[in-house]
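Q: Single-letter residue listing:
Number of protein chains: 2
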Amino acid sequence: MKVGIIGLGLIGGSMAIDLKRKGFAEEVLGVEAEPVNMAAAEKIGLVDRVVSFEECVDISDVVVLAVPVGAAVRMLPQVLDRYAAMAEDVRAGKVVMDVCSTKEHLARSVKYHPMRRHYVASHPMAGTEYSGPWAAMPGLFDGHACIICDSEESAPKAVRTVENLYGCLNMRTIYMNASNHDVHTAYVSHISHVTSFALALTVLDKEKDEKHIFDLASGGFSSTVRLAKSSPDMWTPILSQNRENVLHVMDTYIEKMNAFREAIADGDEDKVRSLIEEANRIRRIIR
Amino acid sequence: MKVGIIGLGLIGGSMAIDLKRKGFAEEVLGVEAEPVNMAAAEKIGLVDRVVSFEECVDISDVVVLAVPVGAAVRMLPQVLDRYAAMAEDVRAGKVVMDVCSTKEHLARSVKYHPMRRHYVASHPMAGTEYSGPWAAMPGLFDGHACIICDSEESAPKAVRTVENLYGCLNMRTIYMNASNHDVHTAYVSHISHVTSFALALTVLDKEKDEKHIFDLASGGFSSTVRLAKSSPDMWTPILSQNRENVLHVMDTYIEKMNAFREAIADGDEDKVRSLIEEANRIRRIIR
Numbered sequence: 000m001k002v003g004i005i006g007l008g009l010i011g012g013s014m015a016i017d018l019k020r021k022g023f024a025e026e027v028l029g030v031e032a033e034p035v036n037m038a039a040a041e042k043i044g045l046v047d048r049v050v051s052f053e054e055c056v057d058i059s060d061v062v063v064l065a066v067p068v069g070a071a072v073r074m075l076p077q078v079l080d081r082y083a084a085m086a087e088d089v090r091a092g093k094v095v096m097d098v099c100s101t102k103e104h105l106a107r108s109v110k111y112h113p114m115r116r117h118y119v120a121s122h123p124m125a126g127t128e129y130s131g132p133w134a135a136m137p138g139l140f141d142g143h144a145c146i147i148c149d150s151e152e153s154a155p156k157a158v159r160t161v162e163n164l165y166g167c168l169n170m171r172t173i174y175m176n177a178s179n180h181d182v183h184t185a186y187v188s189h190i191s192h193v194t195s196f197a198l199a200l201t202v203l204d205k206e207k208d209e210k211h212i213f214d215l216a217s218g219g220f221s222s223t224v225r226l227a228k229s230s231p232d233m234w235t236p237i238l239s240q241n242r243e244n245v246l247h248v249m250d251t252y253i254e255k256m257n258a259f260r261e262a263i264a265d266g267d268e269d270k271v272r273s274l275i276e277e278a279n280r281i282r283r284i285i286r
Numbered sequence: 000m001k002v003g004i005i006g007l008g009l010i011g012g013s014m015a016i017d018l019k020r021k022g023f024a025e026e027v028l029g030v031e032a033e034p035v036n037m038a039a040a041e042k043i044g045l046v047d048r049v050v051s052f053e054e055c056v057d058i059s060d061v062v063v064l065a066v067p068v069g070a071a072v073r074m075l076p077q078v079l080d081r082y083a084a085m086a087e088d089v090r091a092g093k094v095v096m097d098v099c100s101t102k103e104h105l106a107r108s109v110k111y112h113p114m115r116r117h118y119v120a121s122h123p124m125a126g127t128e129y130s131g132p133w134a135a136m137p138g139l140f141d142g143h144a145c146i147i148c149d150s151e152e153s154a155p156k157a158v159r160t161v162e163n164l165y166g167c168l169n170m171r172t173i174y175m176n177a178s179n180h181d182v183h184t185a186y187v188s189h190i191s192h193v194t195s196f197a198l199a200l201t202v203l204d205k206e207k208d209e210k211h212i213f214d215l216a217s218g219g220f221s222s223t224v225r226l227a228k229s230s231p232d233m234w235t236p237i238l239s240q241n242r243e244n245v246l247h248v249m250d251t252y253i254e255k256m257n258a259f260r261e262a263i264a265d266g267d268e269d270k271v272r273s274l275i276e277e278a279n280r281i282r283r284i285i286r
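Protein sequences appear in the order of chains A and B. So that you can map any letter, position 140 of the first sequence is 139 in numbering that gives the first Met the number 0, and since no number is skipped, the others follow by simple counting. So that you can map any letter, position 55 of the second sequence is 54 in numbering that gives the first Met the number 0, and since no number is skipped, the others follow by simple counting.
In short, the hints are calculated from the structure, not lab data. Predicted model only: the values in this text are computed from it and were never measured. For each residue, glycine too, the CB sits at the ideal point set by N, CA and C. Do not take every clue at face value.
Claimed, not checked - Cut-off 20 Å, straight-line C-alpha distance, at most; resulting in silico cross-link-like pairs (SDA-like, lysine to any residue):
id : chain 1 : residue 1 : chain 2 : residue 2
1  : A       : K207      : B       : E276
2  : B       : K210      : A       : I253
3  : B       : K207      : A       : I285
4  : B       : K93       : B       : E152
5  : A       : K205      : B       : K210
6  : A       : K205      : B       : H247
7  : A       : K207      : B       : R280
8  : B       : K156      : B       : Y174
9  : B       : K1        : B       : D88
10 : B       : K207      : A       : N176
11 : A       : K207      : B       : R282
12 : B       : K210      : A       : T172
13 : B       : K110      : B       : E151
14 : B       : K205      : A       : I285
15 : B       : K93       : B       : F52
16 : B       : K270      : A       : G69
17 : B       : K93       : B       : M37
18 : B       : K19       : B       : R159
Unchecked claim - Here are some chain A residues pointing at chain B (derived, C-beta under 8 Å):
id : residue
19 : M0
20 : A39
21 : I43
22 : I173
23 : T184
24 : H192
25 : L198
26 : L200
27 : E209
28 : S217
29 : F220
30 : S222
31 : V245
32 : I253
33 : E277
34 : I281
Between the sequences and the hints, there should be enough to build the whole structure, so can you do that?
A: Shown next as structure tokens:
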């Protein structure tokens, strides 16, 4: 099978490595708009060949849109338009999938497209705080969960192809509609990025002497602030496209912070203790 | 040298392991008020002998107060009182040190104690989100920073003993007064615990279906929320004793969250991007 990956960053690049290594793809084609990243991807050898967007869509059995979600919303209809222009036997079996962290805008962008059934919406829940082709690594997806959205809108054969692809990356598949996906990812992924960004801004603002941050930062601080290294190219469109859900969770979060603030300000140790004990319940859920 | 460790939790237990293993202590005595923890510490073999508080102070060359800071504030004057009652040649060279995360209350509690110079205030910046003797591990302190506070208030010989102890644990020593210590730790340690607690409360509140948290939580969420597992016994007194500094940092943090909230609510992508870019500067400081 020929797999074309559009966007050779952390996710696209890591997928390129493992799909080739594990034999899912005989050939991996890559598309990369950013010249520096393209040169890097070629140098590292992430893909077999760098091609144009058009060539990638025409040749590949599976096209993976691994670009920030703003760009994906623009590109997805273009891919389907190109499928529409192909002879029926040429486009049969062709699949385009995305790997984006928000789903409703994408779903809406092709809802009535005649080639909609060639598209499978998916979100592999794996990543690091680094980005670009240099960040790509084997095994990134191994053992993590992957969400397939609105699978009834896709051709069963297209869904099976994507399931096989994720199976080969050793991911567990979960099914959800796009709207639920965006609600849940706001809770467990988007909010943790926002809280990390805010933490970094707070500490950078307050600790003018950066030497102290470096000296005093123990493992706890580093792990809490880690996500604040995440790329603005990726996260600006996510926070924008998932605005309603993210704002809703942020409001709850700000309420909880204020409850903590009040308990500490009042010197109410019983209340502080009970808030911490309640927070500790996360132990049952997260290793 | 005989080292007596009061409180055989994560920090005390880990210190017991390495001070014995690396030869700093010929004998490690342990004091543990909690019967379950005491039985566990004996079973694991963290210390050579479990003794009473009094025996520990009388026999040990170095006493390490490794209890939550509220208990340490009560115990520290008791240790110094016991030194005061000893013959001068018996108490000569005896040192009591603490390992607590806040320092001003402790410093105040013995400021005018005639035996003050036997006490060295210190804070090893290492830990995990787990607690109790089961959490103790070799190498916990290795390569981390350790703060010694108000060293001019301690006898030079006592400071050297504590420096040697931390040197043996392979820690870098930083010197600071108690008041600066509490300001800086509020910025880089206490606030990250509060933000994690609030994140856990938010997600637990919102995600009624815990299965979804488990399924969707990728590495990013887990690392951001990790500190929310931290013990209320340890953190209630820290947040209480460092109240002023913690509230100050929380206020800045809440401001930053509100700035983010406003930019997202306004759909101001340029502002969101510039906040993320600013937060990214943490890259220069934290690996």
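Q: Could you tell me which of the hints above the structure violates, numbers in ascending order?
A: 2, 5, 17, 19, 20 and 21
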